[in-house]
Structures are given as structure tokens and as C-alpha cells.
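Let's have the full structure, built from the sequences with the hints guiding it.
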Amino acid sequence: MLMLLFYVGKERYCVGAERVVEIIPMVALRKVAQAPEWVAGLFNYRGAIVPAIDLCCLLQSRPCVSALSTRMIVVNYWDEVGGSEQLFALIAERVTETLSREAMADMSMAMSLDNPPYLGEIVTDVQGMIQILRVEELGRIYRGKYLLPKGE
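Okay, so the sequence shown: first residue is 1 according to full-length UniProt numbering, each after it adds one.
Just so you know, not all the hints are guaranteed correct.
Quick list of simulated restraints, FRET-style, between CB atoms [claimed, not checked]:
(1) 68 with 128: 19 to 27 Å
(2) 82 with 44: 18 to 26 Å
(3) 34 with 126: 25 to 33 Å
The set of hints was computed from the structure by calculation and includes no laboratory data. Nothing here was measured: the structure is a model prediction, and the numbers come from that model. Ideal placement from N, C-alpha and C gives every residue a C-beta, glycine not left out.
Have a look at this one:
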């Protein structure tokens, strides 16, 4: 399986490429009143209002740095409650490469820690540790509170 690699500070994370709809440059965001800092805002993505999560705020309590390689990763997941596909964007730093999940698994035993459900296994490659981000868990946990419209 192909994984998209990105950074939050000096820490490396990845998501399954099958969840990635598109990687786009940063766009203007409309702030969401009374939402936590990690909810960066809303933006128009091909005619749909899509929420954006700042992963640096969520994981390290600071916004992502403004750099050319800081990108918005538009991802999808299946919303079981609404019975439809939902989109949201992950803002991350140094979104520049992909790698094979099989190559990571061959180099290290995966391990699970007692973390929020959206933080998956920690694996290694030749450059060090990488934590897998579970897109579907992130969407499911925050769906009703801040990110996605509730199904009617």
C-alpha cells in the first residue's frame, strides 16, 4: 500500500494514499467561531464547503509554518451515520513524498500505543519512526462537533 508522508514539526506521519483525494496549496480559510484552534477553518473545494484541520495545532499546539511545502491534503472517508462520503483537509508540513507501507513493515515490527484513536501504528524506515494517521477515525470522532455537517 502506498502512503503519503508528511511532517508535524520534526515528527513524521503518513496516511494511506487511497484516502487522498488531492494535495493542494494553502488557500484562504474562513474561521469557525468558537471552534478549537486545530479547526483551521472552512474553504470552498470544487463547490463543496470543506473543513480543514491544522495537524500541528492538533498534535503540537502550534500552527503549521507557512512554507511552500506546507499543503492541504484533501481526504475522504465513509461516514456511516450519514451514509455518504465526506471530505476534509489536513494541513501538514513538508508534504513532499510517498513511500511503500510494505517497505516500512519489513524494517520494523509495528506497535500500538495508548493514543487517541486517530493515531495509529508506529513503524520505521531507514530514516526513523513514522506514525500512521487514521483518517476515518479522525473524521468519525470530530464529525458531529466541529468538522462535518450532520446528516438530516
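Hints versus structure:
Remark: the range hint 19 to 27 Å for residue 68 to residue 128 is upheld by a beta-carbon distance near 23 Å. Separated by about 20 Å at the C-beta atoms, residue 82 and residue 44 satisfy the suggested range of 18 to 26 Å. At about 44 Å, the CB distance of residue 34 to residue 126 disagrees with the hint of 25 to 33 Å.
Going through the hint list in order, the structure does not satisfy hint 3, though it satisfies all others.
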